[in-house]
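With the hints as your guide, set chain W onto chain H.
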Amino acid sequence: DIQMTQSPPVLSASVGDRVTLSCKASQNINKNLDWYQQKHGEAPKLLIYYTNNLQTGIPSRFSGSGSGTDYTLTISSLQPEDVATYYCYQYNSGNTFGAGTKLELK
Amino acid sequence: EVQLQQSGPEVGRPGSSVKISCKASGYTFTDYVMNWVKQSPGQGLEWIGWIDPEYGSTDYAEKFKKKATLTADTSSNTAYIQLSSLTSEDTATYFCARGTGPYVMDAWGQGASVTVSS
Chain H
1 DIQMTQSPPV LSASVGDRVT LSCKASQNIN KNLDWYQQKH GEAPKLLIYY TNNLQTGIPS
61 RFSGSGSGTD YTLTISSLQP EDVATYYCYQ YNSGNTFGAG TKLELK
Chain W
107 EVQLQQSGPE VGRPGSSVKI SCKASGYTFT DYVMNWVKQS PGQGLEWIGW IDPEYGSTDY
167 AEKFKKKATL TADTSSNTAY IQLSSLTSED TATYFCARGT GPYVMDAWGQ GASVTVSS
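So the protein lines, in turn, are chains H and W. 1 is the number of the first residue of the first sequence in our numbering; add one for each residue after it. 107 is the number of the first residue of the second sequence in our numbering; add one for each residue after it.
Hints listed in this document are in silico derivations from the structure and should not be mistaken for laboratory results. Keep in mind that a hint or two might mislead.
Chain W residues, not near chain H, derived (Cβ > 10 angstroms throughout) [what the hints assert, rightly or not]:
no.: 1; residue: S113
no.: 2; residue: S127
no.: 3; residue: Y133
no.: 4; residue: W153
no.: 5; residue: S182
no.: 6; residue: T184
no.: 7; residue: S190
no.: 8; residue: T193
no.: 9; residue: D212
no.: 10; residue: G215
no.: 11; residue: Q216
no.: 12; residue: S224
Computed list of lysine to aspartate or glutamate pairs in EDC-like fashion (alpha-carbon distance at most 16 angstroms, straight line) [unchecked claim]:
no.: 13; chain 1: W; residue 1: K129; chain 2: W; residue 2: E195
no.: 14; chain 1: W; residue 1: K169; chain 2: H; residue 2: D70
no.: 15; chain 1: H; residue 1: K45; chain 2: W; residue 2: D179
All residues carry an ideal CB built from backbone N, CA and C; glycine is no exception.
Pulled out of the complex, with its shape left as it was, chain H reads as follows (with noise of 0.2 angstroms):
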């Protein structure tokens, strides 16, 4: 099975902050991968898509990279409702979720 590894586990930052979250796959996922915001007591949404496809409706803010094993999600500027669990999903091989990088303000 396809390991997902994020970090950092928790992130504190300041609202207007660019944040990077790194999620890091224990082989190639030929760039399946997905990033999901979570906000407590509510559902998962989608965010992107395909590594670096913006779900529509999502702010420009959020953005996508990576390839082969690195993944990097960016808020360009943090936001006070981005506070949040993020978590990255590959379905390259088989479907496994990261255990989440929780996001707050410091």
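Quick look at chain W alone, frame taken from chain H:
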């Protein structure tokens, strides 16, 4: 507007089964698969499987092949997950999620909690 409305909380005794529903609206039900995802208390997300409502075909994660059964009723635009032989490990919130591709989950239900308790 795409909506996935899930059934309410369930309590099941160890060894029993529960069935959760997910009623879809705002799109053509048979044009998309329906994924199911498990979230244990305070934990991350696990993909359970998907069903193609048009053909009834399914794909399961290995871990859930003996635990979950996915079905769909095209007459009522409703997908179901049945969980059998319940144990404490099944206590969780279960989400349905519309899938394109079929694994890109672009719309989610609100979640349905299952508690296993004697």
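Now for the hints, and whether the structure bears them out:
no., hint, result
1, S113, "15 angstroms, holds"
2, S127, "16 angstroms, holds"
3, Y133, "14 angstroms, holds"
4, W153, "4 angstroms, violated"
5, S182, "22 angstroms, holds"
6, T184, "18 angstroms, holds"
7, S190, "21 angstroms, holds"
8, T193, "22 angstroms, holds"
9, D212, "5 angstroms, violated"
10, G215, "7 angstroms, violated"
11, Q216, "6 angstroms, violated"
12, S224, "27 angstroms, holds"
13, W:K129 / W:E195, "26 angstroms, violated"
14, W:K169 / H:D70, "26 angstroms, violated"
15, H:K45 / W:D179, "25 angstroms, violated"
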